[in-house]
Amino acid sequence: MYSASDLKKGLKIEIEGQPYTITEFEFCKPGKGTALYRCRLKNMMNGSTLDRTFRPVDKIDVPNVEEREIHYTYQDGDSFVFSDADTYEEMHLTKAQLGDKAYFLIENSVCNVVLFNGEPIDITLPTFIEKQIVETEPGARGDTATNVLKPATLDNGYEIQVPLFINQGDMVKIDTRTGEYVERISKA
Amino acid sequence: MSNVSPKPELVARLEIVKPRLELRARLISSLRQFYDDRGFLDTETPVLIDAPAPEEYIEAPAADGGFLRSSPELQMKCMLAAGYTKMFQIGPCFRKGEYGRRHRPEFTMLEWYQASADYLALAEFTCEMLRYAARRVLNGTVIRRGGRSIDLGLPWEYLTVRDAYSRYAGVDVETALSDDIFDELMVTRIEPELGWGRPTILLDYPACRSSLARLKGTDPTVAERWELYLGGIEIANAFSELTDTAEQKARFALSKEKRKADGYQDYPDAVDFLAMLDSGLPESSGCALGVDRLAMVFAGAEDIADVTYPR
Chain A
1 MYSASDLKKG
11 LKIEIEGQPY
21 TITEFEFCKP
31 GKGTALYRCR
41 LKNMMNGSTL
51 DRTFRPVDKI
61 DVPNVEEREI
71 HYTYQDGDSF
81 VFSDADTYEE
91 MHLTKAQLGD
101 KAYFLIENSV
111 CNVVLFNGEP
121 IDITLPTFIE
131 KQIVETEPGA
141 RGDTATNVLK
151 PATLDNGYEI
161 QVPLFINQGD
171 MVKIDTRTGE
181 YVERISKA
Chain B
1001 MSNVSPKPEL
1011 VARLEIVKPR
1021 LELRARLISS
1031 LRQFYDDRGF
1041 LDTETPVLID
1051 APAPEEYIEA
1061 PAADGGFLRS
1071 SPELQMKCML
1081 AAGYTKMFQI
1091 GPCFRKGEYG
1101 RRHRPEFTML
1111 EWYQASADYL
1121 ALAEFTCEML
1131 RYAARRVLNG
1141 TVIRRGGRSI
1151 DLGLPWEYLT
1161 VRDAYSRYAG
1171 VDVETALSDD
1181 IFDELMVTRI
1191 EPELGWGRPT
1201 ILLDYPACRS
1211 SLARLKGTDP
1221 TVAERWELYL
1231 GGIEIANAFS
1241 ELTDTAEQKA
1251 RFALSKEKRK
1261 ADGYQDYPDA
1271 VDFLAMLDSG
1281 LPESSGCALG
1291 VDRLAMVFAG
1301 AEDIADVTYP
1311 R
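Protein chains in written order, with the numbering used here: chain A, 1 to 188; chain B, 1001 to 1311.
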């Protein structure tokens, strides 16, 4: 159990059987009144947000959440299949659970799975990944400006804004936290 | 020669806060001037004390067989009882476990007392004082905060706690108290609305929320207590002092009981204070003002860290 005074931004807690991350935290104490711990919480299962205020006497459940290294193997329809690096145990996550992260999975690469009570609920990707551009307007030769952008598409249909000099077939680095282009890795 | 190099974060932080520490110093100097001009005695009471006032929800850290004061209130009231009529103090106070954008376990309090004055007289005094300080520190009475402004020069708003609950929380204050949501509503619904455009004096608190304040003669369900708000932030707390020893002893006993139930430390009885109170405390009022918060608001800052030595 956590005490209210343990609460802080980034801590994971459990409320009514659901795991939450504290995304905003504020200590409040009205004059002559009790301390209050105001939290904005993000549900780790479905991403919905919730505001909760805790009091000093409150005890808060610790969720049974763990992260483990796994391999992403392949996509089977709406389901993404992962396997544990050590036990080869298979795990499935749906497109709805993964959101945009699904676009940044690379087959047979390593990422972390977030388990809640032993069930996979989310993944943590490497901060940067490399993907190939499969479709974009031809690059403007010699135009090295990085502040003017144009749309481009990845092999899985994800649309990304890239600088004008990027061509079809180029490999680019993407920041998985923002989903944005970082730099060109190699030319086609 | 030491081969330890200074922490770069500390060096950088000290450079960032420099202009605001300068503003803070000008603010404190102007406040001192204001009291000096009105014949208030600049006092220093002990920081390490034997017996803090047993207030609910406020915990003084234990230190060296005693406690670091959570407030200089009891000692300054002993001075009132001994015949001092006007005095002020600017110094450190301590409250265990209070840490946030607007709270520090160690902070600077401005506290002052005046004999023969009631809480409303103190509100007028505070109004004059903040206008005086703003003219000297900010060259005017307008404070900018989060894209909005607060003009200390306008007539201040006086809003009763009763009206605030019905206006901003849509419930009457009795319901808030009986449902035990008084503090939650204060923090989430009421405080954010107070002190915009002009300062707000939120006044006449429920009697149960004012352990050292006198009850109002015309309505004993409320205490003669107010809090000042600037831009949603509580700045000062004032009240007409309770002068009845029997009543004070009964309230202390009740607070001690509640503190025990909530797991707070048991303080020794404030025997010196109670004896001085019994010898006769004149009609008087006192106010405690958070200097760090006032400096923060004057500086247009959002966090006490912006106006204090890095921690």
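Some clues are possibly wrong.
Listed next, with one range per pair, are the computed distances between beta-carbon atoms [as the list claims (entries may be wrong)]:
# : chain 1 : residue 1 : chain 2 : residue 2 : range
1 : B       : E1193     : A       : E24       : 35 to 43 Å
2 : B       : G1100     : A       : A188      : 29 to 37 Å
3 : A       : R52       : B       : D1172     : 23 to 31 Å
4 : A       : D84       : B       : G1100     : 37 to 45 Å
5 : A       : G99       : B       : G1091     : 50 to 58 Å
6 : A       : I106      : B       : G1100     : 20 to 28 Å
7 : B       : R1013     : A       : I106      : 22 to 30 Å
Partner residues aside, some chain B positions facing chain A, computed with beta carbon under 7 Å [claimed, not checked]:
#  : residue
8  : K1096
9  : Y1099
10 : G1100
11 : H1103
12 : F1107
13 : L1110
14 : D1179
15 : D1180
16 : M1186
17 : E1227
18 : E1234
19 : N1237
Just a sample of chain A residues kept apart from chain B, beta carbon distances all over 12 Å, derived [as the list claims (entries may be wrong)]:
#  : residue
20 : I15
21 : G33
22 : L36
23 : G47
24 : T53
25 : V57
26 : E67
27 : T87
28 : G99
29 : V110
30 : E183
31 : R184
32 : I185
Just so you know, these hints were derived from the structure itself, not from any lab. Glycine included, every Cβ here is placed at the ideal spot set by N, Cα and C.
Here is how each hint holds up against the structure:
One distance hint, 35 to 43 Å for the beta-carbon pair B:E1193 and A:E24, is violated here, with the actual separation near 20 Å. Distance hint check: the CB atoms of B:G1100 and A:A188 are about 53 Å apart, inconsistent with the given range 29 to 37 Å. Here the CB-CB span from A:R52 to B:D1172 is close to 25 Å, well matched to the stated 23 to 31 Å. One distance hint, 37 to 45 Å for the beta-carbon pair A:D84 and B:G1100, holds here, with the actual separation near 42 Å.
A C-beta distance of roughly 53 Å is found between A:G99 and B:G1091, which places it inside the suggested range of 50 to 58 Å. Separated by about 42 Å at the C-beta atoms, A:I106 and B:G1100 break the suggested range of 20 to 28 Å. Distance hint for B:R1013 and A:I106: a CB-CB separation of about 41 Å, inconsistent with the stated range 22 to 30 Å. At a threshold of 7 Å, the smallest CB-CB gap from B:K1096 to chain A is about 10 Å, leaving the interface hint violated.
Of the supplied interface hints, the one on B:Y1099 holds, with its beta-carbon coming within about 6 Å of a beta-carbon of chain A, less than 7 Å. Residue-level restraint check for B:G1100 holds (minimum Cβ-Cβ distance to chain A is 3 Å; threshold 7 Å). Hint status for B:H1103 relative to chain A: holds, with the closest Cβ pair at about 6 Å, below 7 Å. For B:F1107, the suggested interface contact is broken, since its CB lies about 12 Å from the closest CB of chain A, more than 7 Å.
With a cut of 7 Å, the hint placing B:L1110 at the interface with chain A is violated, because the nearest CB-to-CB distance is about 15 Å. For B:D1179, the interface hint is violated, since its Cβ never comes within 7 Å of a Cβ in chain A; the closest pair sits about 14 Å apart. Proximity of B:D1180 to chain A is violated relative to the hint, the smallest CB-CB distance being about 9 Å (cut-off 7 Å). Checking B:M1186 against chain A: minimum C-beta separation of about 4 Å stays under 7 Å; hint holds.
With 7 Å as the threshold, the beta carbon of B:E1227 comes within range of chain A, its nearest partner Cβ sitting at about 5 Å, so the hint holds. Using the Cβ-Cβ criterion of 7 Å, the hint placing B:E1234 at the interface with chain A is satisfied: the shortest such distance is roughly 6 Å. For B:N1237, the interface hint holds, the least distance from its beta-carbon to any beta-carbon of chain A being 5 Å, beneath 7 Å. The beta carbon of A:I15 is kept farther than 12 Å from every beta carbon of chain B, the shortest such distance being approximately 17 Å.
With 12 Å as the threshold on Cβ separation, the claim that A:G33 sits away from chain B is violated: the shortest Cβ distance comes to roughly 4 Å. Remark: the non-interface label on A:L36 conflicts with the geometry, its nearest Cβ contact in chain B lying 5 Å away (cut-off 12 Å). Remark: the non-interface label on A:G47 is consistent with the geometry, its nearest Cβ contact in chain B lying 23 Å away (cut-off 12 Å). The non-interface label for A:T53 is inconsistent with chain B: the shortest C-beta to C-beta separation is roughly 6 Å, within 12 Å.
Once the 12 Å rule is applied to beta carbons, A:V57 is inconsistent with being away from chain B; the minimum gap is 7 Å. The claim that A:E67 is not at the interface with chain B holds, since no C-beta of that chain comes within 12 Å of its own (minimum 29 Å). For A:T87, the requirement that its beta carbon stay farther than 12 Å from each beta carbon of chain B is met, with the minimum near 43 Å. For A:G99, the requirement that its beta carbon stay farther than 12 Å from each beta carbon of chain B is met, with the minimum near 30 Å.
The claim that A:V110 is not at the interface with chain B holds, since no C-beta of that chain comes within 12 Å of its own (minimum 34 Å). Distance check for A:E183 against chain B: the nearest CB is about 28 Å away, which clears 12 Å, and the non-interface claim stands. No beta-carbon of chain B is positioned within 12 Å of the beta-carbon of A:R184; the least distance is around 34 Å. A cut-off of 12 Å between C-beta atoms confirms that A:I185 is not in contact with chain B; the least separation is 33 Å.
When each numbered hint is compared with the structure, violations occur for hints 1, 2, 6, 7, 8, 12, 13, 14, 15, 21, 22, 24, 25.
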